[in-house]
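Trainee: What follows is the residue order along each chain.
2 protein chains.
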Amino acid sequence: MAKNQGPLSGFRDILAPEMLSRQEMINTIKKVYESYGYTPLETPAIERYETLQGKYGEEGEKLMYKFTDHGGRKIALRYDLTVPLARVVAQHKEEIPLPYKRYQIGNVWRGESPQAGRYREFLQFDADIVGTSSLLADAEVIMMMSDAMRALGVNAVIRVNNRKILDGLAQKAGIKDASRARKFFSIIDKTEKIGIKKTIEEIQLSFGKKEAKLIGEFLEVDGTTNARIKKIKKIIENQNPNDGILEIVQVFKILESAGYSESEVIFDQTIARGLDYYTGTIYETTLLDFPQIGSVCSGGRYDNLIATLSDNKVDLPAVGTSVGVDRLFTALTKLKRIKPIKTKSQVLITNFDQKDWGIYVKLAKQLRQERVATEIYYENSKLDKQLKYADKIGIPWILFAGPDEIAKGVVKVKNMQSGEQKTITLKEFTKLLV
Amino acid sequence: MAKNQGPLSGFRDILAPEMLSRQEMINTIKKVYESYGYTPLETPAIERYETLQGKYGEEGEKLMYKFTDHGGRKIALRYDLTVPLARVVAQHKEEIPLPYKRYQIGNVWRGESPQAGRYREFLQFDADIVGTSSLLADAEVIMMMSDAMRALGVNAVIRVNNRKILDGLAQKAGIKDASRARKFFSIIDKTEKIGIKKTIEEIQLSFGKKEAKLIGEFLEVDGTTNARIKKIKKIIENQNPNDGILEIVQVFKILESAGYSESEVIFDQTIARGLDYYTGTIYETTLLDFPQIGSVCSGGRYDNLIATLSDNKVDLPAVGTSVGVDRLFTALTKLKRIKPIKTKSQVLITNFDQKDWGIYVKLAKQLRQERVATEIYYENSKLDKQLKYADKIGIPWILFAGPDEIAKGVVKVKNMQSGEQKTITLKEFTKLLV
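Protein chains in written order, with numbering that gives the first Met the number 0: chain A, 0 to 433; chain B, 0 to 433.
Chain A on its own, in the form it takes in the complex (with noise of 0.2 Å):
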């Protein structure tokens, strides 16, 4: 096959069976965000330059798609929903009500060199609400989370933690400078891809034997949310500001309240997350059969990026969440929890004459007015040809229909399958699909 036939690497098609399945895992989602009050937002992939700049930092800004457009203005893709997030808040202002939920599924693009894995395109599906600091709002994007989970059929716990804490932590250790709390709580952040004793080493390296001892009391603690809550709050006690516990406690007797159980939420005061910007409740996703894939859909609460991405426009405060499309699909299929679907034809009418074209799009209509999605063969080819047809696609069953049948009201119906025939009415074999 020559090189340029395909996709820019990096890039890729989606032909029916992953797309009739991914499609199904997102509409699950998109469902239970709906019975929340979410709703869609759809945002253009090309924005303003000027809006997306400076807002990624320096690896942001190497990897954005950047050019220029007809009118010579200089423009770039979007590189995640956030910013276009924060445009929208602050451009539609008088419309939007507040607090405004919005879900937006949404492809990105980034010049990733494509390692394994890494597209340069890849679907973003973020759920956030803006405007408001209610700790019940942060309680609700992971019962929300939960519920998703439990939609999709997976056994999932969501790990909630707060910043609060961790800043907290860092006092107690002595670290003031903010960009020693940011190298501190990027190495806990480490915690769960390299054990406690590798981030008790690190930790030791560039802060000191002290610190390394508070982390490694802070990392050990274990057992249920309300036993490691007041552990932790025995570790940072005195520390001012106490919010952090004050706000996990709040938020896990709402959890509570709705029947949340330790088995879907847990506190885990070893989640730091990655980027900089959250400001209270954080929270990563666990696959209970299969941790090794990592979070599969994280977030938390960001009350000062609005301003930030906005320009100063708007400063509401936030708490959102980010499925991890991709390597939750991934997930999902090595579960077996969703398969791949090549089709959603149901039935083939095989096609013997042509002067029968007429009796094949009759029942051919008939099925598909029943809700069964039906497919004729084009051609009258030979029936072995027409087989491997259904076969291909996956149609499991096959109808034959001339004028004898006709004649009679029946149809001869075959299960590509189980090889089993019969000679029943049309009404009889939608009965027997629907």
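Honestly, the hints are just simulated from the structure, not real lab data.
Certain hints may be false.
All copies of an identical chain are treated as equivalent in the list; a pair is satisfied when it fits inside any one copy or across any two copies.
No more than 30 Å apart at the CA atoms, straight line, and that leaves these computed lysine-lysine pairs for DSBU-like [as the list claims (entries may be wrong)]:
#, residue 1, residue 2
1, Lys92, Lys341
2, Lys229, Lys354
3, Lys208, Lys341
4, Lys30, Lys338
5, Lys192, Lys65
6, Lys430, Lys229
7, Lys361, Lys230
8, Lys361, Lys29
9, Lys341, Lys229
10, Lys212, Lys182
11, Lys189, Lys333
12, Lys209, Lys333
13, Lys413, Lys30
Position chain B relative to chain A; hints supplied.
Mentor: Just chain B now, with coordinates in the frame of chain A:
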């Protein structure tokens, strides 16, 4: 508002009221397509420039968004969904079943000067059958469009012609040169816009009296499909090949067998379709209650295009259809066949006391489990403010619940539109809603 707050001109944000009803429209069409056995395809927004280069004529070349990626490769944003289809068919030859019936819903980008209604990013919704020259496929595409229009609740008539009939006409007029024939067709294509009289005048100016007379005869043919076919056959008789008439007769025979009447599908010899590449059946769709908006979905057979677009990597006959998403949405909105949906939320649980948050989330969970989309007001603000939110979002029911109600096993609800209030059990309330 600062000018750089908004999206780039020619681009747009689509907020909930429009997004939700657009989604509804698109899903309705998608379901019809899937009932015919079409499966979805997704291709990247970005293609190699060499894949798109020279495929869209001079204008396309000018309007295409071209740029250079991080590896110095020339790339471009896709300009339509047909060239990507040709690339996919060439690339995934082995994997793809033939005939390949796919639909694709995706944005395309064109650097149009953004006049009224001309977007630089807009959604295309195509469905095509690649790999069969059976007229059954032509007829199916037409039936499917008719079914889609019916599913959308609009009165639409699909007007069908065949390029070979126009070829016969050109032959009869003695026009042999391809570029002159193109000119001839492009004048005929304007008939609907400028009227028969002006069309005849233009033909006379560009060709001559004899040709104008012939065109007059041809365009003035009216009546039922059968009557028209007979008259047109007479006008172009003795032309060789006469396939156009044979094909149109066959297509209408199929349509008639399947029960499609003259009020849904008619033969209309004045349809020419602007694009060069059609080779057989062509059609347009007129909304009977809003004809002035123009064709809302069009298409036809293009047997040589896949070869051209795939740079002769595959040579397959094809027939397809394309919905004008923006135009159809405008029409459906004006005809009140769809209305803006501000939210899917049915209930807002009011928030009076932080200590009752547990009650609110429990109720919300129960309602959501019964498929009632439910929101909780996040702050215990004044009732007035909470009602204003419900009103702005368009949530029809308000729910009041505190310890007293819960103790009695009831909730107080109020309908926002009628003002009606009642105290009922949650079960009764749910029944009212679903």
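Trainee: Which numbered conditions among the earlier hints are violated in the structure presented, ordered from lowest to highest?
Mentor: 3, 5, 6, 9 and 12
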